[in-house]
Each structure stands twice: as C-alpha cells, then as structure tokens.
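Turn these sequences into a full structure, and let the hints guide you.
Chain by chain, the residues:
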Amino acid sequence: MCTKREARRAKSGQGLIEVLVGGIVLITVGWFGLDLAAIVMANSTNDGLAKSAARAAANQVDKKAAGEAANQCITHFASAGIITKVKMDGDISYEPNKAVAVRTVMEVRPPVGFPGFETITFHAQAVEPIVGVPADL
Amino acid sequence: MIFAKTRRRRGAALGLVAVCGLVLALIIFGAFFLLLFLGGAKETSNAVDAGALNVGKRSFEIKVEAQTPDEHQFGDLADSQDRFGLTNINRVWGKALLAAANVTAMGSGAPSEARDHADKLFNGAQGISDRLADKLTSPGNLHDYFTELSQQNTVRMAGQTAKAEVKAADWNTSLVNRGIETNIEVIPEQFPANTFDSIGAVDKTVQGKPLKFIPGYKPITFLDHHFCLVPFKAEEKTHLISLDQFEKDRLSAKPFPDWSKPVTNSFSCRGQAATTGPYVEESISCVLTNPQRSFKLEMPRAFIKIKLKEKSTAKWSFNGIPWPADSSYDYVIPENSTRGPGEAGLGTIMGTCTFGLEYINKTVYGALFALPTENYDDVKNPLIQRVKEIDPDFDGDLQSLLSFPLLPAAADHDSDSDNTVYIVFKDNSGKLKCLPEPEAQAMALGGSDFSKTADGPESDHDESPMFVPGVPGVCWGTPVGFGTPKDLPDFMLIEGDLYWKPGSGYDGCLGEVRLERGTHAYVNGIVTFP
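Here the protein sequences line up with chains S and W, keeping their order. If you're matching positions, the first sequence starts at 20 in the numbering used here and goes up one per residue. If you're matching positions, the second sequence starts at 8 in the numbering used here and goes up one per residue.
It should be emphasised that the hints constitute simulated quantities derived from the structure, not laboratory data. For glycine and all other residues, C-beta sits at the position ideal for the given N, C-alpha and C. Heads up, some of the hints might be wrong.
To be verified - According to the in silico footprint, chain W covers these stretches of chain S (three or more CB under 8 angstroms from chain W):
1) 33-39
2) 50-62
3) 65-71
4) 147-154
Put into structure tokens, the structure is as follows:
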C-alpha cells in the first residue's frame with residue numbers, strides 16, 4: 020500500500036525526466052527537419068546557379084568568352100551563411116554553335132551538423148543552347 | 008485510491024511527447040516532399056526553358072526551296088544551299104518590294120508587262136513565304152529541337168527516372184514586336200523617286216551608326232499588294248519572353264489581316280516531366296527568335312544594259328543643201344573624211360571634216376555624256392539609283408564605274424548587230440563592274456542572263472546641238488571653179504538622243520541606256536565672178 024509520502028516522492032522528478040526525454044527527441048527531430056530543408060534549398064540554389072552560369076556562357080560568341088562568363092557568374096554568386104564554397108566543376112563543355120554545359124559544385128554546412136555530415140557537397144549541371152552566335156547563312 | 012491515481016498520471020508526458028514527435032516528423036516529411044515537388048517544378052521549368060531556347064535557335068534551320076519560275080527569281084538571295092528560311096525571307100520580300108516600287112515610279116505609263124512582272128515577283132515571294140510559314144507553325148517540326156536540349160537537363164527532383172519531354176498541347180506561334188525594325192537595311196537613294204516615304208522606314212542607331220530599316224509586321228502597299236516582313240530587333244539575341252507578351256501578340260488576340268500567312272518570329276513550347284507518382288510537373292516557355300544577321304536591301308544579280316549605237320552618223324550639207332548619202336564614224340578612232348562636190352555658185356565645193364572629236368574621254372562614260380554643254384541629270388540620276396539597287400554601297404561615281412574603254416566597232420562581239428552592249432553588274436567577287444556583254448556574262452554571279460531586257464517605258468533625253476566652229480583640221484570647205492572662190496564659215500552640230508528605259512528587276516534587268524548620236528557638217532563656200 021502506497022503512503023501519501025511515497026506518492027509525492029514518485030510525482031516529483033518524474034515529470035522532469037519525461038520532459039527532458041521528450042525534449043531531446045523533439046529537438047532532434049526538429050534539427051533533422053531543419054537540416055533537410057537547408058539541404059533541399061541548397062540543392063535548388065546550386066541548380067539555379069548552374070543554369071545562370073550556363074545561360075551566361077550560351078550568350079557568348081566563342082568558348083573562351085563562354086568560360087569567362089560562366090566563371091564570372093559563379094564568382095559573383097552571393098552565398099548565404101551555410102554555403103561554404105561554390106565553384107565551377109572542371110571546364111565548361113562547349114559544342115560550337117550547339118550547346119554549352121556548365122557544372123557547379125557547392126559545399127554546404129548544415130545548420131545542425133550531425134556526426135559524419137558536417138559538410139555536404141552538391142553537384143549540378145545545366146545545358147543551354149548557344150544563342151550568342153548568328154544563324155548560319 | 009491514491010496509488011491508483013498516481014499510476015494513471017505516470018507516463019502521460021511521454022505519451023504526449025511521442026504523439027508530438029510523430030506529428031512533427033509527419034510535418035517535416037510533408038514539408039520535405041513539398042520542397043521536392045517545388046524543386047521538381049523549378050527543374051522542369053529550367054529544362055523547358057532550355058528546350059524552348061533551342062527551338063528558337065534552331066528554327067532557322069527550317070527552310071524551303073523555290074519551286075516555280077517566279078520563285079526562282081529570288082535565287083540570288085537564297086542561302087548557300089539554295090534555300091530560304093527565317094534568316095533570309097526578308098531579303099525575298101525586300102526584292103519584291105523594290106521591284107514594285109520600280110514599277111510604281113513608272114507611273115501611268117508603265118507597260119502592262121512591267122506591272123505583270125511586279126505581280127509575278129510578289130506571287131513568287133508569297134509562295135516561298137507561305138510554305139515557310141506553314142513549316143514554322145507545324146509544332147511537329149520543332150519537337151526534336153526541344154527535346155534535344157530539355158532532356159539534357161536533369162529533373163530528378165520530379166522523379167528519379169523523370170525526363171523533360173514535349174507536351175503537345177499549347178505549342179503556338181505569335182507575331183511579336185510589330186512595327187519595329189526588320190533585318191533589312193535601306194537607304195533612300197536606292198529607291199526610285201517618290202517611293203521611299205511609303206516604306207515608313209524605322210530609324211535605329213546600330214553600333215553608333217544611324218541606320219534605316221524596313222519595318223516588320225507592318226504592311227507596305229505598292230500596286231495594290233501588301234508587302235510584310237518579319238521584325239528582328241537589331242543587336243538582340245534569341246531569348247525568352249513572358250507568356251503575357253507572347254499571348255497578346257498572337258493572331259487570335261491581335262489579327263493581322265494584311266498578311267494571310269504571316270511568318271512567325273516567336274514560339275511557345277510546353278513540356279512536362281512525367282513521374283511515376285500521381286502528379287506531373289509541367290511548364291511553358293516562350294521564345295523570341297533573332298538570326299543576328301542583317302542585310303542591305305539589294306538585287307545582287309541584277310544588271311543594267313548600256314547600248315551604244317555601233318557607229319555614230321555623219322551628215323553633210325553644202326551651202327544648206329543636204330548631201331544625199333550619210334556616212335558613219337567610230338567612237339574610238341576619229342574619222343577624217345571628204346565629201347562633195349556640192350553646189351557653190353559658179354563652181355563646186357568639197358568638204359573635209361574630222362568626226363568623233365566629241366569623244367575626248369574614250370570610255371563608256373565619255374561616250375554617253377560626251378557633250379560638255381548638256382545637263383544629263385535626268386539620265387544619270389535614275390542610273391545611279393538603279394546601280395544602288397544592285398549594290399547599296401555604290402558611291403555614285405559613274406565616271407569610275409563606266410570607265411571601260413570604248414570598243415572599236417570591229418571588236419564588238421556581242422549578239423546585237425546594231426549596238427555595242429556593255430553591262431553594269433556584280434562579278435563573282437561581288438564587285439561592281441562595267442564590261443562588254445560577252446566578258447560580263449563570263450564573270451557574272453551564277454544565274455544572270457544578260458540577254459533579258461528592261462520592261463518599262465522608254466524616255467528620250469534629246470541633246471541640244473553642240474556647235475563646233477569649222478577651222479582647218481576640224482571642218483573646212485574648198486570651193487573650186489572658174490571664178491573667185493570664197494570660203495564661208497563652216498561648222499558642225501553634234502547632237503544625239505540618250506534613251507533611258509527603266510526595268511522592274513524581273514529577270515534581272517533594272518534598266519537600259521541607249522545612245523544614238525551624230526554630227527552634221529555644214530560646209531559653205533562660193534565661187535563668184537572673177
């Protein structure tokens with residue numbers, strides 16, 4: 020039979036433990052969600068950057084100018100706090116009078132770094148038709 | 008009782024945490040898939056943009072060929088494969104327009120043949136244009152261009168195996184930028200008198216130079232025909248435009264009754280990324296094309312004929328009495344001849360004159376415009392205008408252009424037995440030249456036939472006679488007889504006719520200049536009583 024004193028001792032501390040445990044779970048899940056959102060948005064940003072660079076390259080008249088335009092677009096990219104590095108991945112692929120492909124690589128530090136996932140690297144590629152060259156006669 | 012109450016309250020917070028955690032996880036995963044969906048939509052849009060741009064870029068590869076003889080009149084404006092596409096269709100319409108302006112300037116005296124030729128050129132241009140318009144408005148001709156680029160862009164966020172492909176609905180065309188410049192540059196001096204204003208040329212500064220262009224999607228009317236060209240903004244590349252701009256210029260929203268089958272300059276392309284899931288990502292992009300090439304209005308294979316009568320005519324009069332027999336003289340070699348005897352009072356008179364002295368400058372130009380006292384503007388001006396139709400960069404220096412040395416009659420090897428024919432044309436290297444017809448035919452751009460003639464009304468520039476006093480060595484008389492010979496003033500009158508016959512440009516002939524000139528020698532003298 021439980022006495023009143025025993026009942027009070029059982030109440031005190033138990034709630035705290037439950038809140039702590041619950042909090043740990045909820046916060047962990049929340050952090051995970053935050054990282055997921057950051058990852059998805061960073062991927063989308065990288066895709067957009069690759070497209071902008073490819074579009075800039077496609078408006079030029081030759082491969083040299085196309086490479087410079089793509090590079091300029093990437094170096095002028097205003098990155099947010101979680102993006103630690105962004106650069107062109109290799110050289111552009113240039114098919115004269117046809118299309119140009121630009122690859123970008125972006126390193127992202129998620130807001131909450133889980134062990135083994137402190138930095139995540141994203142690759143993107145965009146292909147655009149070369150419109151900077153006049154039509155054939 | 009207390010124990011039972013305590014047992015029920017223990018673990019309630021954990022349950023709440025579990026439920027909250029589950030709800031939070033569901034929210035997070037829901038948001039994740041929403042972000043994936045939105046990301047997929049963005050990727051699809053990017054892929055469709057790339058596909059649409061490629062459609063705009065490669066639409067210039069859609070071409071047609073000339074089929075009828077009237078369409079082959081535009082062979083001088085075809086591309087390197089003898090075909091016509093968006094790049095050069097405006098050149099075709101420009102030539103037909105210029106020919107119509109040529110006939111309009113002939114006025115009410117235009118022969119029916121000239122009018123008929125202008126109609127044929129219009130119909131020829133329209134035939135080529137209509138077939139091109141049909142090809143450009145058939146979406147099936149464009150789908151491959153779309154997928155060539157759209158499928159090189161990833162749409163993984165829409166689905167692991169998803170690819171951006173054509174969605175056949177909503178592939179339309181539009182007539183964007185109505186009234187702005189085309190890619191045909193014009194100068195007022197290459198249009199016949201009182202016709203340039205009808206063009207409504209657009210002024211535009213390109214690379215610092217003020218230029219004029221024929222306007223696009225704006226009817227220009229000559230001879231009851233509406234000539235319409237396709238606008239392409241100067242210094243602009245093929246690029247995407249908003250759906251709003253595209254839709255408001257579609258034929259369904261803004262009809263264009265003056266052009267039954269307008270050639271389009273913009274396309275809308277709808278694509279989709281089909282996924283294995285229940286949803287499909289779709290996007291539509293609109294592209295405005297531009298060949299980034301401009302041309303000067305011209306008829307590069309056209310030509311002008313200059314016909315000089317093989318020999319000039321020499322007439323004689325002795326004391327006012329015409330000598331019955333004419334003779335002739337060359338342009339190149341002055342001819343010294345003697346005629347007579349004519350009646351001279353109590354005796355007779357012989358005349359001796361040197362003919363051909365008016366041809367000081369022994370070139371085609373010198374032969375045509377030989378008399379320094381004459382104003383030849385009514386022949387020179389239309390001649391210069393027509394040369395500018397062949398080559399818009401001609402600087403107006405007729406003397407340099409027509410500097411070919413005159414041929415002696417014996418060296419004339421053309422088919423015209425009455426005239427020596429010279430041709431003003433562009434040779435294989437694109438340079439303006441004036442050469443005798445056989446040499447010209449050998450050097451001309453392919454397809455030129457210099458046997459064709461002008462179709463307009465001929466006008467006569469009647470030269471005022473140029474007085475040349477008779478002096479020994481030029482023209483003098485020698486009266487002889489039993490009595491006192493007395494030489495009276497002798498003189499020559501040099502005059503001729505310069506005929507100008509404009510051409511529409513059909514079959515290439517833009518005009519003919521024809522010269523007939525001669526000299527009348529008046530030899531005077533008398534023999535009186537001793």
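Tested hints:
1. Counting residues of the stretch 33-39 of chain S whose CB lies closer than 8 angstroms to any CB of chain W gives 4, so the stated coverage by that chain holds, three being the minimum.
2. Under the rule that three or more residues need a Cβ within less than 8 angstroms of chain W, the assignment of the stretch 50-62 of chain S holds, with 7 such residues.
3. As drawn, the stretch 65-71 of chain S meets chain W at 3 residues by the rule of a beta-carbon pair under 8 angstroms; at three or more, the given contact holds.
4. Closer than 8 angstroms: that is the beta-carbon criterion, and the stretch 147-154 of chain S has 8 residues meeting it against chain W, so the requirement of 3 holds.
When the structure is compared with the earlier hints, no violation turns up for any of them.
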